[in-house]
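When you get a sec, could you build the whole thing from the sequences and use the hints?
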Amino acid sequence: MVAALAVAALLVVQQGAEARVGGGGSIGSRGSRSYSRPVAPPSQMSPSRQYAPSQPSQQPYQQPYQQPSFGRSFGGSLLGGLAGGMLGGMLFRSMGFGGYGGGYGGGGIGLFEILLLAGIGYMIYRFVKKKRASDTSYGEPGRVIQMNDYQSQAPGLNYAPQRDELADGLAYIRQMDPAFDEQRFNDNVMDMFFKIQGAWMNRDLSGVRGLLTEEMRGILQNDVDRLLREKRVNRLENIAVRTVEISEAWQESGQDYLTALIYANLLDYTTDDTTGQVVAGSKTDPVKFEEFWTFTRPVGNNPWKLSAITQK
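Residues 1 to 312, numbered by my numbering, are exactly what the sequence shown covers, in order.
Bear in mind the hints are in silico, worked out from the structure with no lab data behind them. Check each hint, because a few of them may be wrong.
As the list claims (entries may be wrong) - DSS-like mimics (lysine-lysine), calculated; alpha carbons at most 30 Å apart, straight line:
id, residue 1, residue 2
1, Lys195, Lys288
2, Lys130, Lys195
3, Lys305, Lys231
4, Lys195, Lys283
5, Lys288, Lys305
6, Lys195, Lys129
7, Lys305, Lys195
8, Lys195, Lys231
Claimed, not checked - Label-pair ranges, simulated between beta-carbon atoms:
id, residue 1, residue 2, range
9, Thr284, Ser253, 44 to 50 Å
10, Tyr35, Ser282, 29 to 35 Å
11, Lys195, Gly276, 21 to 27 Å
12, Pro286, Ala167, 31 to 37 Å
13, Arg209, Gln255, 34 to 40 Å
14, Lys283, Glu182, 34 to 40 Å
15, Thr275, Asp168, 50 to 56 Å
16, Pro42, Arg229, 42 to 48 Å
17, Thr284, Glu230, 19 to 25 Å
18, Ser282, Asp181, 36 to 42 Å
19, Gly276, Ala179, 44 to 50 Å
20, Ser253, Pro286, 35 to 41 Å
Yeah, the Cβ is synthetic: ideal placement off N, Cα and C, and Gly gets one too.
Okay, here's the thing in structure tokens:
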């Protein structure tokens, strides 16, 4: 049972592959972009995120309250006590109340006291300097941080929208063909779409050879030859093209390239030449589809030719 269903599904896929030009798949060449899918036109792309600079705060920066640590308060008290005790001792000794070896006759300040006092003073200086550095680590009090200050400190962050590659590509094409017009091109794409689909249905590409690149002519002719051998006709009726919109434009190797998204619906079915019976598709249920058609030409005011069809 499973094998039978798999075979039936394979037959449906093979029959569906004959539907309309290109079989609803991907054929042809897009130059250096042949292995990448076309991008959607601007109207179907989600708006790019805009990053507006944040408004600076109106309040000045406030230094956060910091509870004194045990080490800091203890160290300060210890140094203060040592300094006070030493100063008091030297004062008493200078007044003649005794001491431990400083000066002659117990009076004045000796060399030992001077060195010890200098060391204590240096320790106090280092302590105060370190304390001030830690208190200002969060910024300067009263400074309002602007957004442009942050960006200047982080030049690698760039929130500007990316360049419009489509607009750039169209501008390059106009440099060599100032008369190029997007709307006229879209109209031509619609005309070529109807002509190529009609030739496909009639299984005769002779009338549209000038609209196809050599590669596309070979691919489509092989498909037409297969239909003739199998005595089948792919019928396309009630074609309605809803949208034709340019999605990509670029130049390479002396060629212009334009990709257009075609959104259309039609009746797409295949019949047998002998019996006239429908062997694929439906004569009553229209099919909606979106396809990217890529056209190319030598740079300049030259006729466009279909070079690729990509199913969306």
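- Do the Cβ positions of Thr284 and Ser253 conform to the proposed distance bound of 44 to 50 Å? holds (47 Å)
- Could you see if the CB distance from Thr284 to Glu230 stays within 19 to 25 Å? Since Thr284 and Glu230 have Cβ atoms about 24 Å apart, the given range 19 to 25 Å holds.
- Message: Quick check on a hinted range of 42 to 48 Å for Pro42 and Arg229, using CB atoms only.
- Response: 44 Å Cβ-Cβ, so the 42 to 48 Å window holds.
- Task: Assess, step by step, whether the Cα of Lys305 is no farther than 30 Å from the Cα of Lys195, and give holds or violated.
- Result: holds (13 Å)
- Message: Hint check: Lys288 vs Lys305, CA-CA at most 30 Å. Holds or violated?
- Response: This hinted pair holds, its Cα atoms lying about 24 Å apart.
- Query: Do the beta carbons of Gly276 and Ala179 sit within 44 to 50 Å of each other?
  - Reply: holds (48 Å)
- Assess, step by step, whether the Cα of Lys195 is no farther than 30 Å from the Cα of Lys231, and give holds or violated. holds (22 Å)
- Could you say whether the range 50 to 56 Å given as a hint is met by the Cβ separation of Thr275 and Asp168? Roughly 54 Å apart at Cβ, these two residues keep to the hinted range, so it holds.
- Task: Starting from Lys130, check that the Cα of Lys195 is at most 30 Å away, please.
- Result: violated (84 Å)
- Is 36 to 42 Å a correct range for the gap between the Cβ atoms of Ser282 and Asp181? holds (38 Å)
- Item | Range hint compliance [Cβ, Arg209 to Gln255, 34 to 40 Å] | At 19 Å between Cβs, range violated.
- Do the alpha carbons of Lys305 and Lys231 lie within 30 Å of each other, as the hint requires? holds (29 Å)
The structure shown violates the earlier hints numbered 2, 6 and 13.
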